Amino acid sequence: CFWHRCTLLAGWYFRKFRCSILISRSFDGELITRTLRLLGYDAVRGSSSRGGAAGLLALQGVIERGLPVVFTADGPRGPVYQTKIGPVKLAQMTGQPIGSFYLLPERAWVLNSWDEFLVPKPFSRVAVSWSRKIAAPSPDADAAVLERSRKELNEALEGARLRAEEHFAKR
Numbered sequence: 048c049f050w051h052r053c054t055l056l057a058g059w060y061f062r063k064f065r066c067s068i069l070i071s072r073s074f075d076g077e078l079i080t081r082t083l084r085l086l087g088y089d090a091v092r093g094s095s096s097r098g099g100a101a102g103l104l105a106l107q108g109v110i111e112r113g114l115p116v117v118f119t120a121d122g123p124r125g126p127v128y129q130t131k132i133g134p135v136k137l138a139q140m141t142g143q144p145i146g147s148f149y150l151l152p153e154r155a156w157v158l159n160s161w162d163e164f165l166v167p168k169p170f171s172r173v174a175v176s177w178s179r180k181i182a183a184p185s186p187d188a189d190a191a192v193l194e195r196s197r198k199e200l201n202e203a204l205e206g207a208r209l210r211a212e213e214h215f216a217k218r
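Residues 48 to 218 in our numbering are what the sequence shown lists, from first letter to last.
Keep in mind that the hints were calculated from the coordinates and are not lab data. Please read these numbers as outputs of a predicted model, since none were measured by experiment. Backbone N, C-alpha and C define an ideal beta-carbon position, used for all residues, glycine too. Fair warning: there could be bad hints in the mix.
Between beta-carbon pairs, the in silico distance windows are [as the list claims (entries may be wrong)]:
(1) ASP187 / GLU213: 37 to 43 Å
(2) ALA191 / ALA216: 35 to 41 Å
(3) ALA190 / VAL127: 31 to 37 Å
(4) TRP177 / LEU114: 36 to 42 Å
(5) ASP89 / TRP177: 32 to 38 Å
(6) GLY206 / GLN107: 34 to 40 Å
(7) GLU163 / HIS214: 30 to 36 Å
Heads up, simulated DSS-like pairs for lysine-lysine below, C-alpha to C-alpha not over 30 Å straight-line [unchecked claim]:
(8) LYS63 / LYS180
(9) LYS217 / LYS136
(10) LYS217 / LYS198
(11) LYS63 / LYS136
(12) LYS168 / LYS63
(13) LYS180 / LYS217
(14) LYS168 / LYS136
(15) LYS136 / LYS180
(16) LYS198 / LYS180
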C-alpha cells in the first residue's frame with residue numbers, strides 16, 4: 048500500500064513487477080489505467096465509491112494466482128493520509144500481510160489536488176521508505192479488529208512518509 052499522492056512514482060518504481068492495481072471507474076481512472084498499462088500493469092477497475100466489492104474480488108483472484116497487487120490506501124478521493132478499509136479487507140480475504148511504502152522525490156511539483164499529488168522534477172533523486180508488514184486479520188475478525196488493523200496500517204504508512212521526509216531534511 049502507498050498514499051495516493053505517490054501514484055506516479057509507484058507506477059514507475061514497480062513497473063518491472065507486473066503488478067495489478069485497483070483503479071477508480073471514473074474518467075480520471077481511465078486515463079490512469081491507460082498510462083499504467085503502458086508500464087506493464089494490470090488495472091482492476093473499482094474503488095471505495097464505485098464497484099469496490101467487485102474490485103476486491105478481482106484482486107483476491109490476482110493474489111490467489113500468486114501475482115503482486117499494489118493499492119492506494121487513501122484513494123480515490125481521500126481524505127489525504129487516511130487509510131480506507133479496502134486493503135485490510137483484501138488482506139482478510141487472502142490471508143496475506145500488507146506491506147506499505149512511501150516514495151518521495153527530492154524535488155517535485157506538488158499539484159493543487161486533494162492528495163497533493165507529486166510530480167518529480169527531472170533528475171530528482173527519490174527516497175523509498177518501507178514499513179513493516181501488517182498481519183492479515185483472521186477471516187472471522189469483527190469490525191473492531193478490522194478497524195485496529197486499518198489504524199495500524201495508517202500508522203505504518205505515516206511512519207514511512209516521515210522517514211522519507213527526514214531523509215532529505217538531513218541534507
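We went through each hint and held it up to the structure:
1. ASP187 / GLU213: 37 to 43 Å: Check passed, 39 Å falls within 37 to 43 Å.
2. ALA191 / ALA216: 35 to 41 Å: Taking Cβ atoms as reference, ALA191 and ALA216 lie about 37 Å apart, which means the hint holds.
3. ALA190 / VAL127: 31 to 37 Å: For VAL127 against ALA190, whose Cβ atoms are near 24 Å apart, the range 31 to 37 Å is violated.
4. TRP177 / LEU114: 36 to 42 Å: violated (20 Å)
5. ASP89 / TRP177: 32 to 38 Å: With Cβ atoms ~23 Å apart, the hint is violated.
6. GLY206 / GLN107: 34 to 40 Å: violated (27 Å)
7. GLU163 / HIS214: 30 to 36 Å: violated (18 Å)
8. LYS63 / LYS180: Roughly 22 Å separates the two Cα atoms, so the pair holds.
9. LYS217 / LYS136: Measuring from Cα to Cα gives roughly 37 Å; hence the hint is violated.
10. LYS217 / LYS198: Cα-Cα ~28 Å, so holds.
11. LYS63 / LYS136: holds (26 Å)
12. LYS168 / LYS63: holds (22 Å)
13. LYS180 / LYS217: holds (26 Å)
14. LYS168 / LYS136: Violated, at roughly 35 Å.
15. LYS136 / LYS180: Holds - the C-alpha atoms of LYS180 and LYS136 are around 15 Å apart, at most 30 Å.
16. LYS198 / LYS180: Holds, at about 13 Å.
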